[in-house]
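Student: So you can see what is in the structure, the chains are spelled out below.
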Amino acid sequence: MSKNRVNIDWLVLPMLGALGVIGIWTLWSSMPGTNLPSPLKTWEVSKLYVVEPFEKRGELDQGILRFTWYSLVLVAKGYALAILIGTPLGFLLGLSKMFAKSFDPIIQVLRPVSPLAWLPLGLVLFERSEPAALFTIAVCAMWPTVLNTAVGVRSVPQDYINVARVLKLSRVKTLFKVLIPATMPYMFTGFRLSLGIAWLVIVAAEMLTGVPGVGGFLWQEYNSLIYEHIILCILTIGLVGFVLDRLMSLVEARFKSI
Amino acid sequence: MAFLELKHVSKGYRSNGTLTPVLRDIDLSIEQGEFVAIVGYSGSGKTTLISLIAGLIRPDIGSVTLDGAEIRGPSPERGIVFQNYSLLPWLTTYENVYLAVDQVFRNWSAAQKRAHTEKYIEMVNLLPAREKRPAELSGGMRQRVAVARALAADPRILLLDEPLSALDALTRATLQGEIAKIWDQDKKTMVLITNDVDEGILLSDRIIPLTHGPDATLGPAVPVEIPRPRDRKAINHDPHFKQTRHQVMDFLLGVGVKHRKTVTRKLHLPDIEPEDLSYGKPSPFSLFRRGPLRSKEFKKERVETET
Chain A
1 MSKNRVNIDW LVLPMLGALG VIGIWTLWSS MPGTNLPSPL KTWEVSKLYV VEPFEKRGEL
61 DQGILRFTWY SLVLVAKGYA LAILIGTPLG FLLGLSKMFA KSFDPIIQVL RPVSPLAWLP
121 LGLVLFERSE PAALFTIAVC AMWPTVLNTA VGVRSVPQDY INVARVLKLS RVKTLFKVLI
181 PATMPYMFTG FRLSLGIAWL VIVAAEMLTG VPGVGGFLWQ EYNSLIYEHI ILCILTIGLV
241 GFVLDRLMSL VEARFKSI
Chain B
1 MAFLELKHVS KGYRSNGTLT PVLRDIDLSI EQGEFVAIVG YSGSGKTTLI SLIAGLIRPD
61 IGSVTLDGAE IRGPSPERGI VFQNYSLLPW LTTYENVYLA VDQVFRNWSA AQKRAHTEKY
121 IEMVNLLPAR EKRPAELSGG MRQRVAVARA LAADPRILLL DEPLSALDAL TRATLQGEIA
181 KIWDQDKKTM VLITNDVDEG ILLSDRIIPL THGPDATLGP AVPVEIPRPR DRKAINHDPH
241 FKQTRHQVMD FLLGVGVKHR KTVTRKLHLP DIEPEDLSYG KPSPFSLFRR GPLRSKEFKK
301 ERVETET
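Heads up: the protein sequence lines correspond to chains A and B, in order.
Reminder that position 8 of the first sequence reads as 8 in our numbering, one-by-one numbering, no gaps.
Reminder that position 6 of the second sequence reads as 6 in our numbering, one-by-one numbering, no gaps.
Simulated from the structure, these hints should not be mistaken for laboratory data.
Predicted model, so just to flag it, every value in this text is computed and none were measured.
It is possible that part of the hints are untrue.
[Claimed, not checked] Listed below are the simulated BS3-like cross-link pairs for lysine-lysine, each with C-alpha atoms no more than 25 Å apart in a straight line:
| id | chain 1 | residue 1 | chain 2 | residue 2 |
| --- | --- | --- | --- | --- |
| 1 | A | K173 | B | K132 |
| 2 | A | K56 | A | K41 |
| 3 | B | K7 | B | K119 |
| 4 | A | K173 | A | K97 |
| 5 | B | K188 | B | K113 |
| 6 | B | K188 | A | K168 |
| 7 | B | K7 | B | K188 |
| 8 | B | K113 | A | K173 |
| 9 | B | K233 | B | K181 |
| 10 | B | K119 | A | K168 |
| 11 | A | K56 | A | K77 |
| 12 | B | K113 | B | K187 |
| 13 | B | K113 | B | K181 |
| 14 | B | K181 | B | K119 |
| 15 | A | K168 | B | K113 |
One chain only, chain A, in its complex shape:
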C-alpha cells in the first residue's frame, strides 16, 4: 500500500504534470499563425543532436552534450573564481565589524545588478569575450557565497571561540580548526546557491559574447530560425541545472550532518 503510494507520488503524478504541460504545448503549437514548433516536430529536428550528443560536425553544429560540456567548463572556471573570491570576502565581512560596515552598503548595491549589465563592463575591462564571460559569472555568482559565509562566521557559537581562547590557539589555528569547520554548513549553502546563479548567467554570457556553448547555440539557432533547437536548449539547460543542484545538495547534506 505504502509502496504504491510512493510510486504515485514519485512517478505517476510528475508524469501527469509533464503530460499536461506537453498537452498545452501541443495545443498552442497547433493554433494557426504561431511559430511554436510542436513537441513531435521538436523531437524530429533535435533527434540528431540528442542521439549523437558528442558529435562535432562543424564549429556551429555539434551534439547538445558537447555544447553543454563547453558551457560547464566555462561555468566551472567562473564558479571557481566566485568561490575563491567570495569565501575570503565572506570571512572578512563576518569577522570584522569595521570591514562589514565599510563594504556592506556597496555589496547590497552591486548584488542585484543583472549579468546583462556586468558583461559589457567585462568586455571593456578584458577586451576578449571569454575573460569577460568569466568575470560576469564570478561577479554575479559570488554574492550568495559571500553573504552565507558572513552569516556563518557571525553565528559561530561563542563556546567554540571560548575553547580556542582558553587553549590559546593562534589566529591561523583558530581559523582552520574552529572557524572554518563551524562555518562549513553555511558556506556550502552559499556554494549551492552560487552554482545555480553561475549556471543561470552562462546562457546570457554566451549569447552576448558568442562563446560556443549551449547558450551560444541557442542564440545562433534563433538567428537561423530553427526554433526547435531553442526548446532543446531550454530543456537541456534546465536538466543540467537541476542535476547540478541535486549534486550540490548531496555535498551540502554531508557537511550539515556533522
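Position chain B against the provided structure of chain A, taking the given hints into account.
Tutor: For chain B alone, kept in the frame of chain A given last:
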C-alpha cells in the same frame, strides 16, 4: 598569599547604555590543592565568576591573581569545563582531546602526544568511544570528553562551570564520583560552580554561597569536614552534612527573604489625572457640590521591593 585570589572584584554588563551589575565586591582566596564549591541560584552570576577566573572577561574593579600573577586573559593553565560541554562537533573524542594536547605540549614528539591523549581518554573510560563524534555520544559521555580535554592540558587549576547540571540524576551521581576520584588522584586545585548544594558538599573542602543576583556577592564560606572518600549514600545521615547543608541553605534562602521589604514612597503622578466619578455622588439639590475626586489626592503607595 593564596594560590588563587580575587580581591574586591566587581563586574557588570553594559547594554543600551545602562550598566547592569552582576557581581559586587567578590573576595575569594583558594589554596593550592583545594576543592572549592560555589553554590547559587541560576542567573546569580556564577558563570560570570568562573569566566573572570578563566580570564575570558576582565573585572571592572578589583583584581584576579593566580600564584601572585594578575590574570589578563584565558590560558590553558586554567582549564575549564563548560556547562554545555563545548566540544567541537566535527572532531572525534580523540581529536577533541588531542587539540588541547597538541597546543599545550608543542615540543613533544607525536608519539608522546598520542600516548598522553590516550591516557586521559582512558582515565574517563572513553576508549571505546575514541573515534566517535560528540553527536554520537550521550550527555554524560560528552561531559567526560570535556573533562578529559581540560585535564589533558595539565592545568594548574580546573574550573567546573555547572558541569553536571544538564545530566540526568544517575549519570550525575556517577560523574560526581569520577570527579571526586580525579581530584583524589591529582590533588589539582578545583573550583566547582553548581546550583546543587548536596553536590557541592559531597565534592568540596569548602562551600561558598553566592547571593541572589543582580549585584551578587559571596556569603560566608562553610568548611566541609567530612572525611574522604565520601559515600554518597552514607553522607545523607552524617550530622555534619546536615549541619553544613542547613548553614548554606539558610544563607541562600535567608538573603532572599531579608531583602524583601515594603516601603512607602511618594508617587510622581502623570499629567493626565483620572477622576474617581463614583465619589460622593452629589444630590441635585445640594448647594455644596463636591466634584469628582482627583487621584492626585492620594500621594503615597506601598510597594514591595527587592534591594
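Student: Against each hint, give a clear statement of whether it holds in the structure.
Tutor: Against the structure, the hints:
1. Distance check on the hinted pair: A:K173 and B:K132 sit about 23 Å apart at the alpha-carbon level, within 25 Å; holds.
2. Between A:K56 and A:K41 the CA atoms are separated by roughly 23 Å; this keeps the pair inside 25 Å, and the hint holds.
3. A threshold of 25 Å between alpha carbons decides the hint, and for B:K7 with B:K119 the separation of about 37 Å lies outside it, so the pair is violated.
4. Straight-line distance between C-alpha atoms of A:K173 and A:K97 comes to about 21 Å, which keeps the hinted pair within the 25 Å bound.
5. Between B:K188 and B:K113 the alpha-carbon distance is near 21 Å, which keeps this suggested pair within the 25 Å criterion.
6. Restraint check for B:K188 and A:K168: satisfied, since their Cα atoms lie roughly 21 Å apart, inside the 25 Å limit.
7. For a cut-off of 25 Å, the pair hint linking B:K7 to B:K188 stands: about 22 Å separates their Cα positions.
8. Distance hint between B:K113 and A:K173 is fulfilled; the C-alpha atoms sit about 18 Å from each other, no more than 25 Å.
9. Between B:K233 and B:K181, the direct Cα distance comes to roughly 16 Å. Compliance with the 25 Å bound is thereby established for this hinted pair.
10. At roughly 22 Å between alpha-carbon atoms, B:K119 and A:K168 fall within 25 Å of each other, so this suggested pair holds.
11. With a CA separation close to 23 Å, the supplied pair A:K56 and A:K77 stays within the 25 Å bound.
12. Only pairs whose Cα atoms come within 25 Å are accepted, and B:K113 paired with B:K187 is accepted, the gap being roughly 23 Å.
13. A distance of roughly 24 Å separates the Cα atoms of B:K113 and B:K181; the hinted pair therefore holds under the 25 Å criterion.
14. Restraint check: the Cα-Cα separation between B:K181 and B:K119 comes to about 16 Å, which is no more than 25 Å; the hinted pair holds.
15. As the CA atoms of A:K168 and B:K113 are separated by approximately 18 Å, the hinted pair is consistent with the 25 Å bound.
Violated hints amount to a single one, hint 3; each of the other numbered hints is respected by the structure.
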